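A.B. asks: Here are the chains, one letter per residue:
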Amino acid sequence: MSVEQEQDERTIRCLVAKVGLDGHDRGAHVIARALRDAGFEVIYSGLHRSPEEVVQAAVQEDVDVVGISILSGAHKTLVPKILDGLREYDAFDDRLVLVGGIVPDDDQAELRDLGVDEIFGPGASMAEMIRYIREQAPER
Amino acid sequence: MSDLVEDLLAGKHSALARVITKIENRAAGYREVVSALHEHTGHAEVIGVTGSPGAGKSTLVDKVAAEYRDRGKTVGVIAIDPSSPYSGGAVLGDRIRMASNAGDMDVFFRSMSARGSLGGLSTATTDAVTALDAFGKDYVIVETVGAGQNEVDIVRTADTVAVLVPPGSGDDVQMLKAGILEIGDVFVVNKADLDGADRTVQQLREMLQGRSTAGHHGASESEMVGATAGADEHDAEDAWEPPIVETVANRSEGVDDFLAALSDHGDYLDRTGGREQQARDRFAAEIRTLLREDANRLLARELERGGGLDAHVDTVMARETDPYTVVDEVLAPLRECLDEE
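These protein sequence lines map, in sequence, to chains S and U.
All residue numbers for the first sequence refer to this note's numbering, where the first residue is 469 and numbers rise by one.
All residue numbers for the second sequence refer to this note's numbering, where the first residue is -1 and numbers rise by one.
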């Protein structure tokens, strides 16, 4: 029998990504801190990332949650590119993809169809988001 | 699980990422994975980069990685950040500085947190280096804040250790206290365009002259005195003089000098047989660490079977027995086993 008593202390890892020409990162900072305080490991991308960079970070950091913050209205071009990139690197199925920001109702349905798991708009509570991640983070 | 190993060896990025996750979580089966990878390692040049917060480690690492890429080499980076002792959470921000390698998958950048409760961070780092090495990276850079024994242990996994010193941090006592002089093979005064850089270089030079007998990292490990006797003789005639390089990382100035210094140290290791010696020392330390961890775990299980530690503490508290006697009793079965051999 093996000596090891596997500890299996799984820590949920989240990427908080700012993508595109959108310089408003106060919200992303607040979310990064709240997720940290919830005991998650948060990788913060910094501002003005391209979809390729977000994919690179999501794959290499092997995050459970890809959180994309977009306030610029460019979600319909940028989010699909990220989803495609994740699929290309075989890193889509066992990952939650969340979008935060201002997304009109019609676009929400479209993004969900493309593979976004949840969308958090203005007024969403941190507690709600953290609970969602805890419950939905994929088993690996 | 063996699929994961195959995928990693085949160059699949997500498999490499998942292996490192398993290593970090000590997830079921991670040992078998690392064991399977071992035979594929030994090709990467491992560089440790340490220094105080704000010294410019991430920025320099970014430029170094970009320069290696320009030379057609592949790079893996492990950046270690502290985690909160309260929530266990962490914000890992080193990635923000990796601007020069954005979108380049052949720079594999991984943030790791120093998960306090787990301990064994140096074991996890060693295993992650193993994964990157087996993946086929030419260079593996381990970046960590230089503040404490944990970090010193981590940089020992490197062939060459670079210590970053920002200008103006230079009061002598402070630097001696940090104890980082002994572990550096190359010293970098980053932000060399700032006031006080010359003075810092000067102070560093003076202090390094005082350390010539202390030996380079690895060889100074007191636990390994027996193993390094041969290397010490060699050191006397061909000792490594740590160079001091000035850089302005955010403008890529001095990066070439820095890489030249790293490569000089690599040549030195090859010339003196130091590389092999370091590898031997590292594996010895690793085996020792694993033995200690596993033996501890076995003992913990044995204690549990005997009713746990509390019962023993009760008897010690009541002055019926004492800690030494308890240890003798607990270890008695083990001692009998060994004596039978």
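Wrong hints could be hidden among the right ones.
[As the list claims (entries may be wrong)] With a cut-off of at most 16 Å between alpha-carbon atoms, the simulated EDC-like pairs for lysine to aspartate or glutamate come out as follows:
| # | chain 1 | residue 1 | chain 2 | residue 2 |
| --- | --- | --- | --- | --- |
| 1 | U | K10 | S | D558 |
| 2 | U | K71 | U | E338 |
| 3 | U | K10 | S | E556 |
| 4 | S | K544 | S | D574 |
| 5 | S | K549 | S | D581 |
| 6 | U | K71 | U | D104 |
[As the list claims (entries may be wrong)] Covered by chain S, per the in silico footprint, the following chain U stretches (three or more residues, Cβ under 8 Å):
| # | segment |
| --- | --- |
| 7 | 18 to 25 |
| 8 | 37 to 50 |
| 9 | 85 to 91 |
| 10 | 99 to 109 |
Source of the hints: derived by calculation from the structure; they are not laboratory data.
In this text the structure is predicted, and so the values were computed from the model without any measurement.
Note that CB positions come from ideal geometry on N, CA and C, so glycine has one too.
A.B. asks: If a hint holds in the structure, say so; if it does not, say that too.
C.D. replies: Each hint, compared with the structure:
no., hint, in the structure
1, K10/U with D558/S, "9 Å, holds"
2, K71/U with E338/U, "54 Å, violated"
3, K10/U with E556/S, "11 Å, holds"
4, K544/S with D574/S, "11 Å, holds"
5, K549/S with D581/S, "14 Å, holds"
6, K71/U with D104/U, "9 Å, holds"
7, 18 to 25, "holds (count 6)"
8, 37 to 50, "violated (count 0)"
9, 85 to 91, "holds (count 7)"
10, 99 to 109, "holds (count 8)"
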